[in-house]
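Colleague: Protein sequences appear in the order of chains G and Y.
Using this note's numbering, the first residue of the first sequence is number 1, and each one after it goes up by one.
Using this note's numbering, the first residue of the second sequence is number 1, and each one after it goes up by one.
What the hints contain is simulated information worked out from the structure, not anything from laboratory work.
Virtual Cβ for every residue (Gly too), placed ideally from N, Cα, C.
You can trust all of the hints, since none of them are fake.
Which bits of chain G does chain Y cover? Going by a derived footprint, with three or more residues having C-beta under 8 Å, they are: (1) 60-66; (2) 80-89.
Chain G side only, calculated, beta carbon under 7 Å to chain Y, not exhaustive: (3) V34; (4) P71; (5) P72; (6) A75.
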Amino acid sequence: MSAALRSLLRDLASRAAGLAAWLVVHWLLGRWLVDWDAGQHLLVGDRGTTAPLAVLLGFLAFHLATYFLVPPLVAISCVQAVAHYVEERRAQAH
Amino acid sequence: MTDERAGGVGRRSTRVTRGALSLAVSCLVVAVVPRLVAGRDASAWLEGDLTTQVALADQVAAFVVRDEQGARFEGQWALVTYQMTILGLGQLVRAHPELRARYVPAMELAATRMMRREQRAWAARAWGSDGLLHLDAARGDAWMCWPDLAISMLRLVHPETAFARQNDRVTAALARRLAHAPHALIETYPGSSFPTDVAACVAAVSLHARATGAPRPGWLARWEREYRARWIDPRTGYLWQQGDWRTGAHRDAPRGSGTAVAAYFFTFVDVALVKDLERALARHESSLLGFGAVREYAEGHAGPGDVDSGPVVLGVSVTATGFALGAARAAGDRALFTDVMRTTHLFGVPTGRDGGTWFATGGPFGNALLLAQLTASAP
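Input sequences plus hints: build the corresponding full structure.
Modeller: Spelled out as structure tokens, the structure:
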């Protein structure tokens, strides 16, 4: 295995690890939200405090990023790593 | 010099290619990944996968058993939470009678909490007195249809319920009022009548008849003709949100929230009505990247969100979208169900809890409502 290929695999593995870490944090936050709430704060009739709404909106922002921001960023990063590898191979061939 | 220029052009061209490729890949990922991830449970819900259903039902039932904070959790929203809990668990028990022993105790407890006097204090304030104490009076009290529908469901799966007699009395009063309604409508509160609430009344009467083995009331066919002709807008297919029970005049606008809730209630009555209203909901779907939501106001009408619709964002409402799930499931509309389920997944955030499923952002109300919608079926 060439050094360039090893470097590419390392790059891809680090991005996969980053994605996995994000998903784990997301899962932990979801679990925390459910445990924190446990039927206490997100009652529709339980008004008079903005804290639950702030927590909810904060979590939703993080959650929506997980769906619409993180996957394309990871994909772009992987494309860049592959492109870099291809360029290196081309340069070596010349 | 020429070589340097050629090298510069080559590097620029490589950068442009790389940028274009990155953009194309990110667009492809945004178009494919979220819809795949958010839609992964849609088929299981649509096809009634028991494991999926029980995972949510157990958590909803557990909330009822655990909830001992009556003073904090009461009023209209609590009443609807308990109502949806009973309907959702009841639908599941009807589809899987072996679950009767598992869920009937929670349904009974939910009924006990739902029928506490404090839960209906808002309606008593509007009318000046508790409607349950005036069943022989000439007043509408169509709000009673919501809890009575749940009690009819409880009775259907648990005929020995302690609420049977109350169910008989309330249903008889509602049926008598509806049978004499000049325009298929009775008042919910003094001066306010909602075709959606009347849909709940007819559902309560129909389920009661099924539970007791009584024949389907004869006035229902006439009622349905009048209801269709007067309250379903022929241009948009949406239900008028309010009306005047005396004159039959329309009020407010044809709206998605009332249409979706009524479509769900008609799953206990008549499949043709469900399908007609569900088609209107599907026509008013807005979707992006496979995520669907239902518009609140019919074309030619506009307005803000209110207690019926929930927040209206970009023209779509929470209630119209959430209740469209039940209508779509009962009507067998896989496309609408899947699109809306993706949105529900995205904003509801189903999360594991004690070996079950709980929509993290839904709270008890949202989870009970979703259980009822995700287990709805054709009559």
